[in-house]
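A.B. asks: Assemble the whole structure, with the sequences as input and the hints as a guide.
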Amino acid sequence: MPELRFEMPSNLPELAECLAGAGDDTRLLGGGTDLLLQLPALRFQGTTLIDLSGMRELSEMRFEKDVLEIGANVTYARIAQDPFIRSRIPCLAAMAARIGSPQIRNCACLPGNLVNASPGGDAIGTILALDARVRLLNGAGAIRECAIDELVLGIGKTSLSRNEAIIGVRIPIPASPWNAYGKIGLTPRREVIIANVSLTMVFEITEPDRRIRAARMVLGSTSPRAHRVSSAEALCVDQVPSSELAREVAEALKRDVAGTIGANPAFQHKLNDVRGLALDLFHELFALEL
Amino acid sequence: MPAAGLKYIGKSIPIHDVREKATGALRYAGDLKLHGVLHAKLVLSEIAHGRVKHLDLEQALAVPGVVGIYTYRDAPDHPYNSHQWLEGMEVQKDELIFTDHVRFHGDRIAAVVAETREASERAARLVHVEYDELPAVIDPEAAGLLNATPIHASGNHIVHKRIACGDAESRMRDADLVIEDRIETPKVHHAAMETHGCIAEVDAQGTITVRTPCQVIFQVQLIVSQALGLPMDKVRVLKTTLGGSFGGKGQPILEPVAAFLALKVGKPVRLVLDRTETILSTRTRTKAIGRVRTGVDRKGRIVAREIHMLVDTGAYCTNGEVIPMAMGKKSFRLYQIQDQIFEADVVYTNTPVAGACRGYGSPQICAVTEINLDHAARALGMDPVEFRMRNLVHPYNADPAGGPSIGNARIRDCVTKGSDLFQWREKSARPKGGGRIARGIGMACCTHGNGYYGGFPDFITVDLRLTPDGAVVIKGAFHDLGCGTVMTMMQIAAEVLDLDPSSILIPDADTLVCPFDSAGTQASRVTYVCGGAVHQAAGELKRKLLESAATLLAEPISGLRLEQGYVIGSSGRASYQEIAQYAQRQLRSDLCVNLLYQSPGNPASYGAHFAEVEVDRITGRVRVLDYVAVHDVGQAINTGFVEGQIQGSVQMGLGMALMEELTFDARGRVTSSRFSRYTVPNAPEMPNVRVALIEEGEESGPFGAKSIGEIATVPVAPAIINAINDALGTRISVMPATPERIVAAIQDV
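Protein chains in written order, with my numbering: chain H, 1262 to 1551; chain L, 123 to 871.
I should point out that these hints are in silico values taken from the structure, not numbers from a laboratory.
Yeah, the Cβ is synthetic: ideal placement off N, Cα and C, and Gly gets one too.
Misleading hints may appear alongside valid ones.
Stated by the list, open to error - Sample of chain L residues facing chain H (criterion: CB under 7 angstroms; computed from the structure):
| id | residue |
| --- | --- |
| 1 | T741 |
| 2 | T801 |
| 3 | N804 |
| 4 | V865 |
C.D. replies: Put into structure tokens, the structure is as follows:
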């Protein structure tokens, strides 16, 4: 039988060394929640696993002045429970609190979701809405940063080369906590779901007039990769949040989804879900009667 | 709480193997390690209907570790029907171990046997199958019409069944209103935590031993012997610990396959399926399309009813000929309807094979008729509870179709108690909510049987023995599926013998060790029939114990009583241990009983469920907010188990109502063959289920007990659908009521 090889670097230089020798059969092992499912198949082909769990420096969350850096080994459970994230970046906490199941969240980390590049990848949309940058290390020991839409290219496609690894994500901390995340499942269940539609809304709101200066709205699961909806964003600029605005935004998002899904009957319910979800998030953020 | 005057009956005692389960010490079939065991992997059809044109095994055989690949060319040509549990039963024998005429996505073509699991899996992927694809019949309503491409040589229509009483046709003409519905229930997967699997081995004498998580050891023995053309005494079956069944392991599916492979290779063979294989190639709940017409008068009395069920049994018949009768009988035992016709047609389709599934047709017919009754109540402008109360049976009403006595039928008590607990009246008066979120309430009533009496032979033989160390050993074909059968039997014997249940041993069922049982864990017969046998046999053992004690203590039997492992007389006492030893030494006797117990009847169990839901009019998403389940169980033997059965049943029924469904592509391939596409409700979906029991006793049951395990899932889906319809004013007719279907139904209003 083909071999299963295992490497366990403990710091960035060692990881770079492992990456330098990486081939097509090399896989990075983070939380393992996706990879372990593939392992029976990978075993037949011969695989090298690079286990990141020994790299303590990737297990940290660092808060700088206006940037939060989340290491590649930080689990969703930690992100979801972190008091600072919950108060300042609630969309990130909410996304992390609903990805997979509690067991998954106790193991899984951000990079896996990003490199899977699934249209339903929960983290991708939120990372895009927060305008975050992904940090990558290569086999030469060099670190580069890129935006998520430079990394995720399409369904299952990324720009990651085989000797690169995601070592962290840098998230600009929004000036105000007016942001929210929600998803509605592909199936009727509420929890432990794959998103039929996910939505992240990030608003920049000035006090005391409570006017929206800027908005970023990202839809997931409605197109091959998560995308911003500029038509909905534009509706919000210089507006005070209201029920009417919420309904307009919901309709704009619905139009966007209609455009991306086309006539495929299997996707038509996304139109109802996106409308409901948009109203849910407006209600959650601004306590509007909808 | 123990029932009045009883020590163990009614008490919540944990399941007998709770410690081993909680610590992981228990071994399921898939965990068993037999010396020299080989691993089998099935090659399943990837298409819904066709002929295997060519099978290329070359690459697969080259995989290191492969011992052999066995196909339809090697397997014996002895057709069988896995649903048959008694020799001589008339059944359609249309199953084979492997086939080249594949009739559904998941049909068995071949199996690889290898030294390791990995090698068997790898080789199975390398078996190349070329098919001549045939048109697939997926829609049961089209099955009869498509006899041009018969699934079996006999055609696609299997049987027509009819039960009738009175003169429904002419009484229907007198009705003030006739309410018609067409209601569809889905093909669902049992979703037991343990997937299917078994191990077979052959000894030097050619006896095959099959270790399997099953519901009927003697049925496994019969089917394996039939499929392989062996005498029954060449097949020994041992039941292993079950990780859930719900009827899914009721029919022997893998056992004949594993036994065949073990015979071929002469070594133990382990055949364990993964989830996708279990979804595709084991059994499903029977899909049904019901058409019902109910005639009512202005006072809210049902004057006549006509029901037709189209039963989709999938690619093989299995219990297809029996399940419509199981459905039909229930419709005569819940409401007082003197003029009623029940008819059913059973068809083959090119879909996964239907079989037993918790409720055995009852959830389907209950959904059809109870949703229809709510429509009737709505048409009459009458409260659904009030409408039902005008029509429900009373204790000891005769079954107008001639079935066995319904016994102490306490459905009216269930409805009254449930309405109060649920606060039906108060909730009815609440506004539905005109905005995005609508609220509604619904309820449904149900009935189910207690065994096969009146339909099939229903008897069990049990051995009870008081050992010289004071313990009691009970041998019988009891199959604990994880729901507490063994402890239930222990509690019954413990009560009769006044002995702590921990002093009672019930070994796992084994065809070589257990006396014969006619039907196993089927038909909700275990507590009522098997429990009845233990009750009577324990009584007999008690009599023998007292006789011996009377000699030992030199006192008349009339002055003796049992207490906590002792026989107490006026002048002294003797422990059971002393008495058993005394009997052996001085009386040359053993304190043992072998008892044949024939079921004395088939009373009906009843239940009423109440659901409150919240529905999002935009997304069609449903949340069940409150749930009350009241059951007429006669007497709970173990209150914790009864409540556990009800809680789990509600979860299962909620799945059928809202999300569970096998779905197919245009060619009939299953598109929901894994849990990310086949959704079962998880804990966050569950409301607080409030359970109440009506314990008025059933004379013929042990300590008055009746069945609960199946019936509790019967009324769940219609109660929830009725609540959704109440919230929205819709007429949802296809289950599961997915968000898409709910939004479509709103648009139809």
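A.B. asks: Each of the hints needs a verdict: does it hold here or not?
C.D. replies: Here is how each hint holds up against the structure:
1. T741: Holds - the Cβ of T741 (chain L) comes within 7 angstroms of chain H, reaching about 4 angstroms at its closest.
2. T801: 4 angstroms, holds
3. N804: Holds. Min distance 6 angstroms.
4. V865: Cβ of V865 (chain L) sits 5 angstroms from chain H, so the hint holds.
Violation of the numbered hints given earlier is absent; every hint is satisfied by the structure.
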